[in-house]
Amino acid sequence: DAGVTQSPTHLIKTRGQQVTLRCSPKSGHDTVSWYQQALGQGPQFIFQYYEEEERQRGNFPDRFSGHQFPNYSSELNVNALLLGDSALYLCASSGGQEYYEQYFGPGTRLTVT
Amino acid sequence: SQQGEEDPQALSIQEGENATMNCSYKTSINNLQWYRQISGRGLVHLILIRSNEREKHSGRLRVTLDTSKKSSSLLITASRAADTASYFCATDAYQAAGNKLTFGGGTRVLVKP
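Chains as they are written, first to last, in the numbering used here: chain A, 1 to 113; chain B, 1 to 113.
I should point out that these hints are in silico values taken from the structure, not numbers from a laboratory. Be a bit skeptical, because a hint or two may be false.
[Claimed, not checked] Restraint ranges, calculated between C-beta atoms of paired labels, are given here:
(1) A:Asn-59 with B:Thr-77: 35 to 43 Å
(2) A:Leu-39 with B:Glu-55: 32 to 40 Å
(3) B:Lys-56 with A:Glu-54: 42 to 50 Å
(4) A:Gln-18 with B:Leu-75: 21 to 29 Å
(5) B:Lys-56 with A:Gly-40: 23 to 31 Å
[As the list claims (entries may be wrong)] A few chain A positions that, by computed beta-carbon distances, are all more than 10 Å from chain B:
(6) Thr-14
(7) Ser-27
(8) Ala-80
[Claimed, not checked] Residues from chain B shown here face chain A by an in silico Cβ test under 10 Å; the list is partial:
(9) Asn-31
(10) Gln-33
(11) Gly-40
(12) Arg-50
(13) Thr-84
(14) Phe-88
(15) Asn-99
(16) Gly-106
Beta carbons: idealized from backbone N, C-alpha and C, even for Gly.
This is chain B alone, in the form it adopts within the complex (with noise of 0.2 Å):
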């Protein structure tokens, strides 16, 4: 089962512009990540925000993590063509033995030159 949703499924904008996308857990979480995903290859890592932080900013990329709602944005910044990709967000939940994430089922978003 898919822990996180994203929203919107998809996006498309132009260059320049920001991307902001959403994602939605059910179940308390030790940490968040986002993946960019290129051509359906290799989940590149981004960003991890822990629960007990509420904003984390690397380069371009802003997240945001709200545990009360149980959710997250991930804001990309002065979009570029290369940032065309599918977006996932995954949480782990800390257990006695083990990090296995669980992914949601990700936005797409194309940035047009």
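The following block holds chain A by itself, in its conformation from the complex (with noise of 0.2 Å):
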């Protein structure tokens, strides 16, 4: 039973450039969660997908975006980059009887230059 995964494991980007994350949950799981955690910190959420359709968002600027797909798998795409935006995107998925309980992947190591 695969676990949460995550692509790519980490990208090199330059500022000003866009960039797409990749997440597919758990299998049960039809909640995606995305997290920003920057070095030597904890995670910051930045929203949750649920029924394909953006149900939370933290304080996030709108250059952060998502999207879920039928499959509940799910994207991140960050717009107009930011040296700022270096950090490890962390997804998390979660449903059905571990409805509170998330299940983190490995994480995108992100680096802005």
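Reassemble the complex: the two chains are provided individually, in unrelated frames, and hints are given to aid placement.
In structure tokens:
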């Protein structure tokens, strides 16, 4: 039973570019959340998707957008990248009998130069 | 903003000793969860304690919750070198839609062999 998977593992982009990160939830889960974790800090909630709609959003600018597909997988898009967007991006899934427990993927390390 | 604050920020112990870390939060919660993160990779779910529970055990882990003091503690007994990691508490407050997690800054634990 596969857990949460994310791709790519690492990514290097230049300021002003756009990036798309991908996430597949754990089997049986229908909710996907995205978090940003800066070095040495705890994860910060970006947004959550359920039934292909954004259900909750954290304090992130509109440059951060997402999508959820009918198979519950999700994408995180970041436009007009800034140096400060360099971070580990974590995807977490939940759902069913595991509504409150969120299970995290290995993350995507984004470096903006 | 970060809801939870872990204490201490860093902890160094010998293998076989117990490790205790604390988490304080600010607002009423539905659940509190503890996660482990090794080498800046994905978070591993350790344990969830509900707001109406006071203590929970899982293997060598013991979690307590005091909602009157808005605090929780995580005890790792008989620590091993493999327990070297950052530990985060995360809270969720039940809302009409969504179960976003708010994380603290983490406790960095070093277990020396």
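Here's how the hints hold up against the structure:
Distance hint check for Asn-59 (chain A) and Thr-77 (chain B): the Cβ-Cβ separation is about 38 Å, which falls inside the suggested range of 35 to 43 Å. In this structure the supplied range 32 to 40 Å holds for Leu-39 (chain A) paired with Glu-55 (chain B), their Cβ-Cβ distance being about 34 Å. Here the CB-CB span from Lys-56 (chain B) to Glu-54 (chain A) is close to 32 Å, at odds with the stated 42 to 50 Å. Hint check: Gln-18 (chain A) to Leu-75 (chain B), Cβ distance near 45 Å, so the stated range 21 to 29 Å is violated.
Between Lys-56 (chain B) and Gly-40 (chain A) the beta carbons are some 29 Å apart, a value that agrees with the proposed interval 23 to 31 Å. Residue-level check passed: Thr-14 (chain A) sits 23 Å from the nearest beta carbon of chain B, beyond 10 Å. Once the 10 Å rule is applied to beta carbons, Ser-27 (chain A) is consistent with being away from chain B; the minimum gap is 16 Å. Residue placement check: Ala-80 (chain A) keeps its beta carbon more than 10 Å from all beta carbons of chain B (closest about 24 Å).
Given the 10 Å rule on beta carbons, the hint for Asn-31 (chain B) holds: about 5 Å separates it from the nearest Cβ of chain A. The closest approach between the C-beta of Gln-33 (chain B) and any C-beta of chain A is roughly 7 Å, which is under the 10 Å cut-off, so the hint is satisfied. The beta carbon of Gly-40 (chain B) comes within 6 Å of a beta carbon in chain A, closer than 10 Å, and the hint placing it at the interface holds. Because the beta carbon of Arg-50 (chain B) sits about 8 Å from the nearest beta carbon in chain A, less than 10 Å, this interface hint is met.
Interface hint at Thr-84 (chain B): violated, since its Cβ lies 16 Å from the closest Cβ of chain A, which is beyond the 10 Å cut-off. Proximity of Phe-88 (chain B) to chain A holds as hinted, the smallest CB-CB distance being about 5 Å (cut-off 10 Å). The interface hint given for Asn-99 (chain B) is met, as the beta carbon of that residue sits about 6 Å from the closest beta carbon of chain A, less than 10 Å. Taking 10 Å as the C-beta contact cut-off toward chain A, the hint placing Gly-106 (chain B) at the interface holds, the least distance being around 5 Å.
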